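The lines below spell out each chain.
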Amino acid sequence: MKSFRGGTHIPDNKQQTANIPIEIMPVVPDYYVSLAQHIGKPAEPIVEVGQLVKEGELIAKASGFVSANIHSPVCGTIVDIGPYKNATGATTTCIHIKPTGEGTLGYYEPLNDPTAEQIVARIAEAGIVGMGGAGFPTAVKLQPKDKVDTLVINGVECEPYLNCDNRLMLEKPVELLKGIRLIAKALGVSRIYVGIEANKPQAIQTLLAQDGTAPKATEGSTDIVVVPLKTKYPQGAEKTLIYATTKRKVPAGGLPSAVGVVVCNVATAYAVYQAVTLGKPLYERVMTVSGNGIKKPQNLLVRMGTPLKDIVTFCAGLDNCDKLLMGGPMMGKTLVDLSYNLTKTDSGFLALHEDEYVSVLPTACIHCGRCVDVCPMHLEPLYIDFYIQVNDTATAVKYGALDCFECGTCAFVCPARRPLVQSVRLTKQRHREGK
Amino acid sequence: MKYKFSSSPHLRGNDTTKRIMLDVCLALLPACIAGCLLFGWKALILLAICVATSFASEIIYKLCSKVSLKKALAEFDFTSIVTGLLVGMNLYADSPWYVAVLTCVFAIVVVKMLFGGTGKNVVNPAIAGRIFAFISFGAALGGTFNSNMGFDDVYHVQGPTSVGATVHHVTATPLQYLFGATSELSNWDLLFGTGVNGTIGEVCKLALIIGGLYLVLRNVINWRWPVIYTASMVVLTVCLNKFNFDLAIPSILSGGFVLGAIFMATDYVTTPATKAGNYVYFVFLGLLTALLRHLTQSESVSFAILLGNLIVPLIDSFVINKPFGKVTAKEGK
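If you're matching them up, the sequences are chains A and B in order. To convert, count from 1 in the first sequence and add 162; that's this note's numbering. To convert, count from 1 in the second sequence and add 231; that's this note's numbering.
No farther apart than 25 Å at their CA atoms in a straight line, the calculated lysine-lysine pairs in the DSS-like style are these:
hint	chain 1	residue 1	chain 2	residue 2
1	A	409	B	557
2	A	247	A	471
3	B	235	A	247
4	B	557	A	560
5	A	411	B	557
6	A	457	B	235
So the derived label-pair ranges between C-beta atoms look like this:
hint	chain 1	residue 1	chain 2	residue 2	range
7	A	482	B	305	25 to 31 Å
8	A	482	B	253	27 to 33 Å
9	A	523	B	506	27 to 33 Å
10	A	177	B	250	23 to 29 Å
11	B	305	A	551	20 to 26 Å
12	A	367	B	470	52 to 58 Å
13	B	458	A	173	27 to 33 Å
Calculated from the structure, these hints are not laboratory results. Bear in mind the structure is a predicted one, so any value in this text is a computation, not a measurement. The beta-carbon is built from N, C-alpha and C at its ideal position, and this holds for glycine as well.
Please build the complete structure, drawing on both the sequences and the hints.
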């Protein structure tokens with residue numbers, strides 16, 4: 163089975179929500195829609211306090227090339243536009259919307275048989291960003307400077323606990339494949355790989371069964387290859403996924419387009435389908451709510467700006483929970499409380515019990531080299547850690563700190579529980595500051 | 232309600248330093264038991280002295296450095312037990328008790344703690360201890376300083392070059408094979424340690440190999456490294472002895488080689504961090520062992536490992552992994 167060199171097997175804990183169908187989260191009393199749901203400049207609000215907005219209406223415009231539009235998640239009234247502090251410690255400008263019940267939809271015109279330019283323009287209009295976590299505006303990604311010949315769709319979902327991509331592949335395969343073909347058309351590529359980790363055999367079977375039936379016949383030459391990948395963390399990282407599916411190595415510090423590849427998440431592809439075929443902008447997404455600290459783990463279709471406390475209430479509340487995480491347990495961020503509003507990149511919320519994670523007290527490095535063996539970027543985390551602890555940033559950089567994408571595999575396997583990822587972050591920061 | 236705040240990753244594996252070192256202790260047990268069966272109570276007493284002294288020296292050292300007893304005990308990670316067992320296994324069963332005590336104190340305090348404790352030692356404490364014992368207490372251990380050959384680490388070599396050496400251990404020693412003498416010991420004797428003279432832990436190769444397999448199964452050591460060490464040692468030994476392939480098996484099963492290859496050379500702290508570095512290191516060790524054995528006509532595994540340990544920092548600063556996707560100057564053109 164295809165894979166990459168390095169990585170390790172991590173207990174995936176997906177069983178809690180793997181077989182729970184996506185449930186639609188009902189409308190809540192308040193929405194706080196962040197203007198910074200993507201990488202790049204925050205969007206600029208184009209609505210005023212007191213204004214009535216339709217569900218799906220544009221409420222904030224992309225400000226610059228790397229930015230994205232924001233749409234209203236509900237029919238409602240703008241109550242406030244201002245800074246809100248959230249539980250990750252960041253303060254973002256949010257548009258506070260109070261729903262006013264059912265109303266007309268402010269969707270775009272559905273496109274029939276669109277051209278490549280039309281697809282890209284629609285993706286930009288609909289505010290679609292990479293929904294795997296990075297939040298890079300998809301329209302920008304689909305206009306690469308280099309020549310691209312391959313599209314890789316990321317259905318790996320290697321983060322433990324999360325099932326949102328898995329459920330999407332199981333429940334919306336036809337729409338998903340249509341979305342994938344639209345992206346391929348926008349890029350003008352005919353080679354498409356869908357990488358899925360082998361621990362999701364149902365998703366692989368579903369896509370294989372769908373593939374070659376309806377969408378293929380109508381759209382002609384594009385051919386989708388579903389690639390089962392070895393269950394190994396971090397299989398779903400961009401560079402490891404490209405290597406596993408195409409055997410191409412993205413240069414250090416470079417973008418996938420440098421080797422002729424564009425990678426999109428399955429959730430992004432589904433959003434593209436909705437935007438192009440239905441005219442529906444991106445204002446809701448599937449997320450997994452899981453962990454032993456939540457009473458009713460499930461997969462939810464949630465609107466952007468939904469306060470976390472309402473999501474928790476809908477999942478029957480917290481139960482003996484010690485740690486709150488936005489995202490997966492390997493790369494997610496801890497939250498100090500429930501004051502957080504959902505954004506386009508949030509694939510999961512986890513409430514963990516004390517026995518689900520290891521509270522960590524580091525001991526001395528014993529030089530076992532396990533971090534070196536598992537690093538998917540083939541770095542030497544132990545030396546990055548060692549040199550940054552003695553303030554030698556230059557040597558820490560020499561051992562590859564800048565090429566690290568902080569997947570955390572090294573820290574997972576470290577028997578001395580060294581804070582390896584933190585050391586990498588410190589090195590990057592010191593390097594930026596020129597120290 | 233207060234929630235824990237921390238940096239990712241939030242999941243960690245189950246392995247800890249303590250668990251790994253406990254595994255090493257368990258892996259050493261078969262050889263210790265075999266040593267006790269072969270040499271009797273005195274072997275068991277010696278091993279116990281070594282373990283107790285090592286444990287105590289580490290704790291006392293920490294107390295002297297103003298670490299509280301509670302913290303010193305909390306920091307206990309079985310590394311001192313591993314060192315104690317290994318030192319004991321590297322002594323002859325009839326070594327005086329004070330040799331055992333002094334060797335352990337030397338290994339723990341001088342070789343390990345003075346350099347910064349667990350993970351910071353430059354050379355393997357047990358290897359340094361073994362050499363310390365045989366240099367310092369040669370007479371007490373049987374007068375092993377030999378004018379013909381210089382220092383003889385473990386064995387009296389009774390081959391042609393060493394006639395007249397002070398003979399304390401009268402049993403035929405397996406290393407003689409390598410140096411041209413004939414011996415009544417079969418390879419099976421060497422494997423089981425029956426009738427073989429040697430230190431407590433090194434004679435029963437079968438027990439050592441069983442321990443090694445346990446470590447491989449528990450993912451503590453990589454099977455490649457002992458195998459590469461052995462292979463390169465055997466190749467050079469056979470070459471140096473005019474392609475006498477009969478020496479292959481005895482060269483592995485003689486002396487402290489199996490103990491060294493499985494348990495001492497693979498010590499994490501004193502091996503390179505990268506796979507490539509480890510290939511270099513273990514091939515180097517194998518060649519050095521064969522060469523030293525050939526030149527000194529005596530058991531040289533511990534010296535080879537000691538010298539190998541010293542070049543590990545050098546290997547680590549020259550053999551650095553190429554990051555994924557990093558283009559070398561040549562490929563960039």
